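**Student:** In order, the protein sequence lines correspond to chains A and B. Letter 306 of the first sequence, counting from 1, is numbered 1799 in our numbering, and no numbers are missing. Letter 228 of the second sequence, counting from 1, is numbered 1721 in our numbering, and no numbers are missing.
Hints were generated in silico from the structure; no laboratory data involved. Computed from a prediction, not measured in an experiment: that's the story for all the values here. It is possible that some hints are incorrect.
Restricting the straight-line Cα-Cα distance to at most 30 Å, the calculated cross-link-like pairs of lysine-lysine (BS3-like) are [what the hints assert, rightly or not]:
id : chain 1 : residue 1 : chain 2 : residue 2
1  : A       : Lys1705   : A       : Lys1728
2  : B       : Lys1728   : A       : Lys1820
3  : A       : Lys1728   : A       : Lys1765
4  : B       : Lys1820   : A       : Lys1765
5  : A       : Lys1572   : A       : Lys1867
6  : B       : Lys1572   : B       : Lys1705
7  : B       : Lys1728   : B       : Lys1867
8  : B       : Lys1728   : B       : Lys1765
9  : A       : Lys1820   : A       : Lys1867
10 : A       : Lys1765   : A       : Lys1867
11 : B       : Lys1765   : B       : Lys1499
12 : B       : Lys1572   : A       : Lys1728
13 : B       : Lys1820   : B       : Lys1867
14 : B       : Lys1705   : A       : Lys1705
15 : B       : Lys1765   : A       : Lys1705
16 : B       : Lys1499   : B       : Lys1820
17 : A       : Lys1572   : A       : Lys1728
18 : A       : Lys1820   : B       : Lys1820
These stretches of chain B come out as covered by chain A in the derived footprint (C-beta under 8 Å, 3 or more residues) [claimed, not checked]:
id : region
19 : 1510-1521
20 : 1571-1578
21 : 1661-1669
22 : 1673-1682
23 : 1781-1789
Which chain A residues face chain B? A few, computed with CB under 10 Å, are given here [what the hints assert, rightly or not]:
id : residue
24 : Pro1500
25 : Gln1501
26 : Leu1509
27 : Gln1512
28 : Val1516
29 : Asn1679
30 : Arg1683
31 : Gly1730
32 : Gln1749
33 : Arg1780
Even for Gly, the Cβ is constructed at its ideal location relative to N, Cα and C.
Single-letter residue listing:
2 protein chains.
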Amino acid sequence: MTFFVKPQTLSFDSPLVLQSGAVMPPYSLTYETYGTLNAERSNAVLVCHALNASHHVAGCYEGQPNSAGWWDNMIGPGKSVDTNRFFVIGVNNLGSCFGSTGPMHAHPETGRIYGADFPVLTVEDWVNAQARLLDALGIQQLAAVLGGSLGGMQALSWTLQYPDRVRHAVVVASAPNLNAENIAFNEVARRAIVTDPDFHGGHFYEHNVVPKRGLRIARMIGHITYLSDDVMNTKFGRHLRQAAEGNATGYQYTTQDIEFEIESYLRYQGDKFSDYFDANTYLLITRALDYFDPARSYGGHLSTAFARAQCQFMLVSFSTDWRFSPKRSREIVQALLSNRRTVSYAEIDAPHGHDAFLLDDPRYLDVMRSYFEKQVTA
Amino acid sequence: MTFFVKPQTLSFDSPLVLQSGAVMPPYSLTYETYGTLNAERSNAVLVCHALNASHHVAGCYEGQPNSAGWWDNMIGPGKSVDTNRFFVIGVNNLGSCFGSTGPMHAHPETGRIYGADFPVLTVEDWVNAQARLLDALGIQQLAAVLGGSLGGMQALSWTLQYPDRVRHAVVVASAPNLNAENIAFNEVARRAIVTDPDFHGGHFYEHNVVPKRGLRIARMIGHITYLSDDVMNTKFGRHLRQAAEGNATGYQYTTQDIEFEIESYLRYQGDKFSDYFDANTYLLITRALDYFDPARSYGGHLSTAFARAQCQFMLVSFSTDWRFSPKRSREIVQALLSNRRTVSYAEIDAPHGHDAFLLDDPRYLDVMRSYFEKQVTA
């Protein structure tokens, strides 16, 4: 069932002190809500987004076909996260490029486009900004905070930064921090952007160009890490986009043109992404991923870090996710168990790799439905 | 024991017809030899190189410290491949950038630098060129052909193209073809090079520039795939290059500067590579990798493809190699067994990922020594 939604915007006039010590000048956040806040204001579910997503979590925009939110399969009337019961909030994070204040906007005092001077943000900063939004909406405590991938990190951080403001944390396809390989992929993507001559040190807006070459490479790398080896082989294998005639192999024998289907797919994804995503946002968000590490201030001991958490937890991982493997989710489960927290954990046998958290796997959607129906009180 | 070697060069005046149908004009190959060819000319071992290597397989260059060949730990007097017994040949492949004719050289008729017009090469073409070199050296049959990674593909192809010219094929950390993910990584690396404004469509030589940005990205991606997740975590983990003072995390909070050790390592590797590797060579060699697929002309049936092979085989894989995993080597073993070929197979439990084939794992070097001592006749 399609339902229509409209984004809203809230301005925050008091500056936000960031984890880095820098100060975020007055800013605005774009958000959407689905369902109705109950009289006790106790049925709010906050959805945190990952790298490439936004506040537009569910529903459609009127008059815009194909405008369904990125988790529309999960969230809505009668869905796993049922908006007949819950008041769901999607919020675009600071520094993003989909509505909230980001590097493409002007500093309110100087009037100059932030560009590369936008403050460096962390998951903790996003959570602080989200908490302020909840204050403005008059919500003291969340029924649940929910997120996948980087969104899952924000959900985890909520339980540590505001332990008494969240009753459940649902953390999907996430990790307690990035490992060296995760950081490595982020770094290559960032280097591709930063070394694109059209990046101009992050001040490309005033040159009226966009570092599309770098953004394309960044997105291609991302896509490789989002898919499992298996699903890539099933979907693309070694299929040629167009077999050449007149030779036994069907190869065109070209080093620069597309030969294999997988190349065509990656180039298409890269092109599409470079048309809408902001280069500085990409740097900021990947850096927030790199920096997230709640155990860091506790000598690397995740269980010590989670001693503060009070809520109940649900963790979900996917068997073929090699970006944030089940092993990483189990580390979180173990840290919570050692603190005698209530934890549910589902390891879904799904072929799709990291991307599975956005897809329609029935077991996954059922597990989520079951948790929200039976565990999360409104 | 250090021994000194000197590269040699042989010119081939008759053109080489390539798999693509194109014709390679007269060219030269640079090669080295170690040990002595016996009177029966029966003790020759050909070593085929991978992406980034050359004819300089073993020994050192006089007066050049740190000039040991890339497989010097494996090959030499008294080593696993003992040059007191075997006459070992290392040859730089066509299209490479270390001596043999490549895209940075001039077309012998037009005098123009080949650049992007250098013919597209395949593993099969390299093997044909190597066979001509053996003809010139008066070697009819190899005691063994040996290679790792892309070099292993050449060794495999030898057994199919010249089944009666090779008695043993030793194939290390290789695969019967690239899977979609392997091609995907190659394609991202190529796009980074091709879209670098300094690439000039492959004719950058005449502009006196080098597409270093693209080469750096290509190499960084490569390095990620050469290392295992485990070894990256052990070696780099989340270590900061230099912890900032005055905050609990030690982070500098920067999106463009180096924060983590792994970033520093990758940038260093990328910089180094971009100083010496040719961009067109990178395209040619990764494309040869993409194209290799001996089963392709046999309806995808590897066992049918290997029906032609006559020699004995030794395959080696490494447990943590995710670029060419043990599974891929086992596919080859299975195809050979189904043809009742004599096959040895060693799966080495090594932490280093794909790079392991170049490293000093004692079990690996012992397995190779044992095979060359006990199975390979001189």
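**Student:** Now look at each hint and say whether the structure bears it out.
**Tutor:** Against the structure, the hints:
1. A:Lys1705 / A:Lys1728: The hint holds at about 27 Å.
2. B:Lys1728 / A:Lys1820: 19 Å, holds
3. A:Lys1728 / A:Lys1765: 20 Å, holds
4. B:Lys1820 / A:Lys1765: Violated - the C-alpha atoms of Lys1765 of chain A and Lys1820 of chain B are around 35 Å apart, more than 30 Å.
5. A:Lys1572 / A:Lys1867: 14 Å, holds
6. B:Lys1572 / B:Lys1705: Not OK: Lys1572 of chain B and Lys1705 of chain B at ~38 Å, beyond 30 Å, violated.
7. B:Lys1728 / B:Lys1867: Not OK: Lys1728 of chain B and Lys1867 of chain B at ~37 Å, beyond 30 Å, violated.
8. B:Lys1728 / B:Lys1765: 20 Å, holds
9. A:Lys1820 / A:Lys1867: 26 Å, holds
10. A:Lys1765 / A:Lys1867: Outside the cut-off at roughly 40 Å; violated.
11. B:Lys1765 / B:Lys1499: 24 Å, holds
12. B:Lys1572 / A:Lys1728: Not satisfied, since the Cα-Cα distance of roughly 45 Å exceeds 30 Å.
13. B:Lys1820 / B:Lys1867: Holds, at roughly 26 Å.
14. B:Lys1705 / A:Lys1705: Distance of about 18 Å is within 30 Å: holds.
15. B:Lys1765 / A:Lys1705: Holds, at about 26 Å.
16. B:Lys1499 / B:Lys1820: Roughly 39 Å separates the two Cα atoms, so the pair is violated.
17. A:Lys1572 / A:Lys1728: At roughly 29 Å apart (the allowed maximum being 30 Å), Lys1728 of chain A and Lys1572 of chain A satisfy the hint.
18. A:Lys1820 / B:Lys1820: Given that 30 Å is the threshold and the Cα spacing comes to 22 Å, the pair holds.
19. 1510-1521: holds (count 4)
20. 1571-1578: violated (count 0)
21. 1661-1669: Violated, because only 0 residues of the region 1661-1669 of chain B bring their Cβ atoms closer than 8 Å to Cβ atoms of chain A.
22. 1673-1682: holds (count 7)
23. 1781-1789: Per the Cβ count (4), the hint holds.
24. Pro1500: 27 Å, violated
25. Gln1501: 29 Å, violated
26. Leu1509: It is violated, given that the least Cβ distance between Leu1509 of chain A and chain B is near 15 Å, above 10 Å.
27. Gln1512: Given a least distance of 8 Å, the restraint on Gln1512 of chain A holds.
28. Val1516: 13 Å, violated
29. Asn1679: Where the cut-off is 10 Å and the nearest Cβ of chain B is about 9 Å from Asn1679 of chain A, the hint holds.
30. Arg1683: 7 Å, holds
31. Gly1730: Nearest chain B Cβ about 6 Å off; hint holds.
32. Gln1749: 5 Å, holds
33. Arg1780: With a closest approach of 5 Å, the Arg1780 of chain A hint holds.
When the structure is compared with the earlier hints, violations turn up for hints 4, 6, 7, 10, 12, 16, 20, 21, 24, 25, 26 and 28 and for no others.
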